[in-house]
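Asker: Protein chains in written order, with our numbering: chain A, 1 to 286; chain B, 1 to 331; chain C, 1 to 442.
Source of the hints: derived by calculation from the structure; they are not laboratory data. Nothing here was measured: the structure is a model prediction, and the numbers come from that model. Heads up, a few of these hints could be off.
Said to hold, decoys possible - Incomplete in silico selection of chain A near chain C, CB under 7 Å:
id: 1; residue: 119
id: 2; residue: 123
id: 3; residue: 138
What the hints assert, rightly or not - Under the rule of at most 27 Å between Cα atoms (straight-line distance), these lysine-lysine pairs were calculated in the BS3-like manner:
id: 4; chain 1: A; residue 1: 194; chain 2: A; residue 2: 117
id: 5; chain 1: B; residue 1: 323; chain 2: C; residue 2: 110
id: 6; chain 1: C; residue 1: 2; chain 2: C; residue 2: 110
id: 7; chain 1: C; residue 1: 193; chain 2: C; residue 2: 110
id: 8; chain 1: C; residue 1: 441; chain 2: A; residue 2: 182
id: 9; chain 1: B; residue 1: 324; chain 2: C; residue 2: 388
id: 10; chain 1: C; residue 1: 193; chain 2: B; residue 2: 318
id: 11; chain 1: B; residue 1: 324; chain 2: C; residue 2: 279
id: 12; chain 1: C; residue 1: 293; chain 2: C; residue 2: 196
id: 13; chain 1: C; residue 1: 196; chain 2: B; residue 2: 318
id: 14; chain 1: B; residue 1: 324; chain 2: C; residue 2: 196
id: 15; chain 1: A; residue 1: 210; chain 2: C; residue 2: 49
id: 16; chain 1: C; residue 1: 54; chain 2: C; residue 2: 279
id: 17; chain 1: C; residue 1: 255; chain 2: B; residue 2: 323
id: 18; chain 1: C; residue 1: 110; chain 2: C; residue 2: 5
id: 19; chain 1: C; residue 1: 61; chain 2: C; residue 2: 29
Glycine included, each C-beta is placed from N, C-alpha and C at the ideal position.
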Amino acid sequence: MNSTILIAVLAICGIGLAAAIILYIVAQKFKVIEDPRIDEVVEFLPGAHCGGCGFPGCRALAETIVKRESLENLNCPVGGKEAMANIAKVLGLEANEVEPKIAVVRCAGSKSNAPHKSSYDGASSCAFAQMLYVGESGCPYGCLGLGDCVVSCQFDAMSIDDETGLPIIDGDKCVSCGACVKACPRQIIEIRNKGKKDRRIYVSCVNMEKGGPARKNCSVACIGCGKCAKVCPFDAITLENNLAYIDFTKCKLCRKCVSECPTNAINELNFPPAKDKPNEVVAVEA
Amino acid sequence: MNLITVSGSPHLHGDQSVKKIMWGVVIAMLPAFFVSVWYFGIPALLTILVAIVTCLVAEYLMKRYILHEDASLSDGSAVITGMLLAFNVPSSLPWWQTMLGAIFAIGVAKIAFGGLGKNLFNPALVGRVFLLVSFPVNMTNWPVPTPNHWVLVDAVSGPTALGSLKESLAKGEMIDKISATLPSYQNMFMGQIGGSLGEVSAIAILLGGIYLLYRRIITWHIPVSYLLTVFAFTGIMYLVDPTHYIDPVFHILAGGLMLGAFFMATDMVTSPMTYKGMLVFGFGCGVLTVLIRLWGVYPEGVSFAILIMNATVPLINKGFKPKKFGEVRNG
Amino acid sequence: MKTFKIGGVHPNENKASANQPIEVVPVSKIVFIPVSQHLGNPAKPQVEKGDIVKTGQLIAKGDGFISANVHSSVSGKVLKVEEVIDYCGIRRQSIVIETTEDVWEESIDKSAQIITECTLTSEAIIEKINENGIVGLGGATFPSYVKYKIPEGKKPEFLIINGVECEPYLTADHRLMLEKSREIMVGITILMKGLKVNKAMIGIENNKPDAIAKLSSLTSEFPGITVHALKVKYPQGAEKQLIKALVNREVPSGKLPMEVGCVVQNVGTAFAVYEAIQKNKPLFERVVTVSGKLLSKPSNLLARVGTPITDLIEMAGGIPEDTGKIIIGGPMMGRAASIIEAPITKATSGILVMTTKESKRITPVSCIRCGKCITVCPMGLEPYLLAKLSEAQMWEEAEDDRIMDCMECGSCQFTCPSARPLVDYMRVGKNKVGQIIRNRKN
Numbered sequence: 001m002n003s004t005i006l007i008a009v010l011a012i013c014g015i016g017l018a019a020a021i022i023l024y025i026v027a028q029k030f031k032v033i034e035d036p037r038i039d040e041v042v043e044f045l046p047g048a049h050c051g052g053c054g055f056p057g058c059r060a061l062a063e064t065i066v067k068r069e070s071l072e073n074l075n076c077p078v079g080g081k082e083a084m085a086n087i088a089k090v091l092g093l094e095a096n097e098v099e100p101k102i103a104v105v106r107c108a109g110s111k112s113n114a115p116h117k118s119s120y121d122g123a124s125s126c127a128f129a130q131m132l133y134v135g136e137s138g139c140p141y142g143c144l145g146l147g148d149c150v151v152s153c154q155f156d157a158m159s160i161d162d163e164t165g166l167p168i169i170d171g172d173k174c175v176s177c178g179a180c181v182k183a184c185p186r187q188i189i190e191i192r193n194k195g196k197k198d199r200r201i202y203v204s205c206v207n208m209e210k211g212g213p214a215r216k217n218c219s220v221a222c223i224g225c226g227k228c229a230k231v232c233p234f235d236a237i238t239l240e241n242n243l244a245y246i247d248f249t250k251c252k253l254c255r256k257c258v259s260e261c262p263t264n265a266i267n268e269l270n271f272p273p274a275k276d277k278p279n280e281v282v283a284v285e286a
Numbered sequence: 001m002n003l004i005t006v007s008g009s010p011h012l013h014g015d016q017s018v019k020k021i022m023w024g025v026v027i028a029m030l031p032a033f034f035v036s037v038w039y040f041g042i043p044a045l046l047t048i049l050v051a052i053v054t055c056l057v058a059e060y061l062m063k064r065y066i067l068h069e070d071a072s073l074s075d076g077s078a079v080i081t082g083m084l085l086a087f088n089v090p091s092s093l094p095w096w097q098t099m100l101g102a103i104f105a106i107g108v109a110k111i112a113f114g115g116l117g118k119n120l121f122n123p124a125l126v127g128r129v130f131l132l133v134s135f136p137v138n139m140t141n142w143p144v145p146t147p148n149h150w151v152l153v154d155a156v157s158g159p160t161a162l163g164s165l166k167e168s169l170a171k172g173e174m175i176d177k178i179s180a181t182l183p184s185y186q187n188m189f190m191g192q193i194g195g196s197l198g199e200v201s202a203i204a205i206l207l208g209g210i211y212l213l214y215r216r217i218i219t220w221h222i223p224v225s226y227l228l229t230v231f232a233f234t235g236i237m238y239l240v241d242p243t244h245y246i247d248p249v250f251h252i253l254a255g256g257l258m259l260g261a262f263f264m265a266t267d268m269v270t271s272p273m274t275y276k277g278m279l280v281f282g283f284g285c286g287v288l289t290v291l292i293r294l295w296g297v298y299p300e301g302v303s304f305a306i307l308i309m310n311a312t313v314p315l316i317n318k319g320f321k322p323k324k325f326g327e328v329r330n331g
Numbered sequence: 001m002k003t004f005k006i007g008g009v010h011p012n013e014n015k016a017s018a019n020q021p022i023e024v025v026p027v028s029k030i031v032f033i034p035v036s037q038h039l040g041n042p043a044k045p046q047v048e049k050g051d052i053v054k055t056g057q058l059i060a061k062g063d064g065f066i067s068a069n070v071h072s073s074v075s076g077k078v079l080k081v082e083e084v085i086d087y088c089g090i091r092r093q094s095i096v097i098e099t100t101e102d103v104w105e106e107s108i109d110k111s112a113q114i115i116t117e118c119t120l121t122s123e124a125i126i127e128k129i130n131e132n133g134i135v136g137l138g139g140a141t142f143p144s145y146v147k148y149k150i151p152e153g154k155k156p157e158f159l160i161i162n163g164v165e166c167e168p169y170l171t172a173d174h175r176l177m178l179e180k181s182r183e184i185m186v187g188i189t190i191l192m193k194g195l196k197v198n199k200a201m202i203g204i205e206n207n208k209p210d211a212i213a214k215l216s217s218l219t220s221e222f223p224g225i226t227v228h229a230l231k232v233k234y235p236q237g238a239e240k241q242l243i244k245a246l247v248n249r250e251v252p253s254g255k256l257p258m259e260v261g262c263v264v265q266n267v268g269t270a271f272a273v274y275e276a277i278q279k280n281k282p283l284f285e286r287v288v289t290v291s292g293k294l295l296s297k298p299s300n301l302l303a304r305v306g307t308p309i310t311d312l313i314e315m316a317g318g319i320p321e322d323t324g325k326i327i328i329g330g331p332m333m334g335r336a337a338s339i340i341e342a343p344i345t346k347a348t349s350g351i352l353v354m355t356t357k358e359s360k361r362i363t364p365v366s367c368i369r370c371g372k373c374i375t376v377c378p379m380g381l382e383p384y385l386l387a388k389l390s391e392a393q394m395w396e397e398a399e400d401d402r403i404m405d406c407m408e409c410g411s412c413q414f415t416c417p418s419a420r421p422l423v424d425y426m427r428v429g430k431n432k433v434g435q436i437i438r439n440r441k442n
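Okay, chain A solo, but in the shape it has when bound:
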């Protein structure tokens, strides 16, 4: 009886020992020598693998940072300032200031602004609707409202507003990873500066048609009249292909263009109502 137990115990121990030796040999033989700092950097990255930094996954960014020994032009939009500061500390590098950014939907073709001319019935996929035809509103540039961007968002920051049929972006959750920008078949979404106090001004239209056809489908389309560009004191607005574009690096949020636009195509976000305190504009600038 005793010997049976002994044999069993010894056998198990023997197998264990043999396995341990084999594992050790294999581990030694196939060892990959890697900069240990990569792991340290990865520690500070959020691990969302969203690709917002332009690299496939967090590890790829970490490898690049360690390899280049510099943080220039490298930024994790999800981890933000904090993560980059930590990484800089660990590697003894200088952290570069990156303005926080956010995704912006540049279409205001809601159901009331751009009434539907046909009704789409099919797979809930913008990519497919784009292949099929112009879309319900008839605007060949406007939002299709089928939510490819919502599906692409890993951070649950997007949703389709039932009333307008347009996507809304939750500023608190958006990390400006740019997944929605890639998902949108009509290039409507843009990553822009978050702005002081979350205030942003942008042209809420990407229609490059001439004024007439653009207005035919949507009452708030940019008609490319150029009034905004003329009124802008900072040279931030350019006009190309019948479409105005506000350069967010130059825009000082003075709001002059907003009131100038004849079709209300320029959108301002998170500003106090303009009529009550006209002097506010100056305050914002400061």
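We have chain A; now place chains B and C onto it with these hints.
Answerer: What follows is chains B and C alone, placed relative to chain A:
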């Protein structure tokens, strides 16, 4: 005029729908249902009703409060699960055990996977196996069928044909001696044998199966390959040693094989999608069934065989792809 | 009876206009002629605003190898050359012509007399097909002459003529075969000469017994041409399926019919070739079936390219009150129109008016893995899987499972009991995978 609709091609849809398929299966189960009520009387009717109602209520509640989706029951899949589960238990099973089985079937085997179409295992069979391991005594106590038996009390109970066969073989008796104690083929065909509610009558199941084939709800591949495999395998064993192995016809008619082959192995959700895969699936079911029946602990192996094969379906779907048009042959 | 082997479905035929003779649509006041009515590069406009053009005059020249000439379908004054919205709402370069009296180019023979003799050489025939802007009229609008430029090392054996018309509702080819049978036979003979083959097979589904009988009766006069009745099954009109049905050869994946020694051409194209070669008439008009359950007069109409869709529907009894969808082409592969003032093109084989009830798709439910889509797929694909891979954006896996073989015939979605939008997703997948493949090549 309304807004014009725009959608992708095709702009036509055939007359098939999930609803039609599911209710078609229910219709196909009716002959077996009537036979079971005829032989086992009111208790059978009650068992079936309890199982169906429990499945419906469980599906409704779980869909609504767990999956948070439209809790429509009109697709009829819960009715099938309830009916099949009831077909797989003896009529003498206490009603609360039937209910437990039904809740388990819907909750664990179906909703936990995400609802209709996403389950890996046949819910009714999972429910039955759950009951079999939880209440083995009640689940293997079979009331003797009495035609036109309309009383609530089950008087006599006895073993199934497979059960008594296994028992006698275990005692070391020879087949020729045992055969005398087994029910006649005619009784087995018509359903006058002990067993679960729905499995007793081969002819009723065959009728239902033919209806399913006629409506093109199932194809012949799974039932035929399943039954043929069982027939061939047991036939070979019978030829090898007729004193220890009973003839293949008995195996085809006994137990839940017919019910399994036509109604449970063919469940669309849990069976392979290509013809080749279906044949392999049926073959696997057949081999496993015979293995369990001849050399296993349980007298009956259909449910286990199908459940085990259910688990292999994703693999079969991957391994047995359809022949593609214009595929360049090697060589 | 012959047919293709794997897959296929049987939609209700609903060929309401089968007994309606072809009627001529009056020329519209203004026509919009898109310069891109074919696969490949758009043609380059040859006229300017204010130019006076005659019917049949070249107004846009094919640009590159795969492209086709476009001819004026009316005579009148060019109003403008600019982007005009097509029936999908997409802007396309078009030539807008205000019509005056219908004056044809002098070279066109307008008489009804049938000319059987053709003395041109093979090369001259191909050149003339190219000049006259002939494209495949079955739906894909592939420039026809390209098919006759035989690649090195290949030898054509059969000319296959597609008279299947497997799409429900459509009867344009059927009527053409009945009314222009002799012309079609001459056209086929010319094509055989162009291709240098001595065998041509016409495949016709046996729901058109009159067309089979009519063309069969002419075979004795035209040596080398045989007529074959085919079992009714959709999508038999697809090139690869038709070749499989008629000569039992499978075109390898991603290859052209030439690979198995066949060239496929539609009966409508054969007729257009007859007119181009024997009558010097470029392709500027075609037969269009206008049908639908609500239309008071489903018809087959001979219409000039560029005529607004509404004009054709008007001829068939006007747009009914309960219209829910208007389809350009057949109900299985056609495209839904959102702009019905848009013009018809060389590709328009039919215009279908659907009721509101027919137009709405059935709400999809979850896939029950019944495998019916696999059973009916004529290409032997797994549509449920491809649609899922495409939805999950797993492009590489989709490519491995041969998503590019899908021809969007719609059999899977037609059959799907769960009414899932399989084709929608597969088209997204094909688009993406196609891009990936092109990028890889570059």
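Asker: Against each hint, give a clear statement of whether it holds in the structure.
Answerer: Evaluation of the provided hints:
1. 119: Hint violated; residue 119 of chain A Cβ to chain C Cβ min 9 Å, cut 7 Å.
2. 123: holds (4 Å)
3. 138: Constraint on residue 138 of chain A satisfied, holds at 6 Å.
4. A/194 / A/117: Violated - the C-alpha atoms of residue 117 of chain A and residue 194 of chain A are around 35 Å apart, more than 27 Å.
5. B/323 / C/110: violated (52 Å)
6. C/2 / C/110: violated (39 Å)
7. C/193 / C/110: holds (24 Å)
8. C/441 / A/182: holds (22 Å)
9. B/324 / C/388: Judged against 27 Å, a Cα distance of about 19 Å means the pair holds.
10. C/193 / B/318: At roughly 48 Å apart (the allowed maximum being 27 Å), residue 318 of chain B and residue 193 of chain C break the hint.
11. B/324 / C/279: violated (44 Å)
12. C/293 / C/196: Violated: residue 293 of chain C and residue 196 of chain C sit about 45 Å apart, past 27 Å.
13. C/196 / B/318: The given pair, whose Cα atoms are some 46 Å apart, is violated under the 27 Å limit.
14. B/324 / C/196: violated (32 Å)
15. A/210 / C/49: holds (20 Å)
16. C/54 / C/279: It holds: about 16 Å lies between the C-alpha atoms, which stays within 27 Å.
17. C/255 / B/323: holds (17 Å)
18. C/110 / C/5: With a Cα-Cα distance of about 44 Å, the restraint between residue 110 of chain C and residue 5 of chain C is violated, given a limit of 27 Å.
19. C/61 / C/29: This hinted pair holds, its Cα atoms lying about 24 Å apart.
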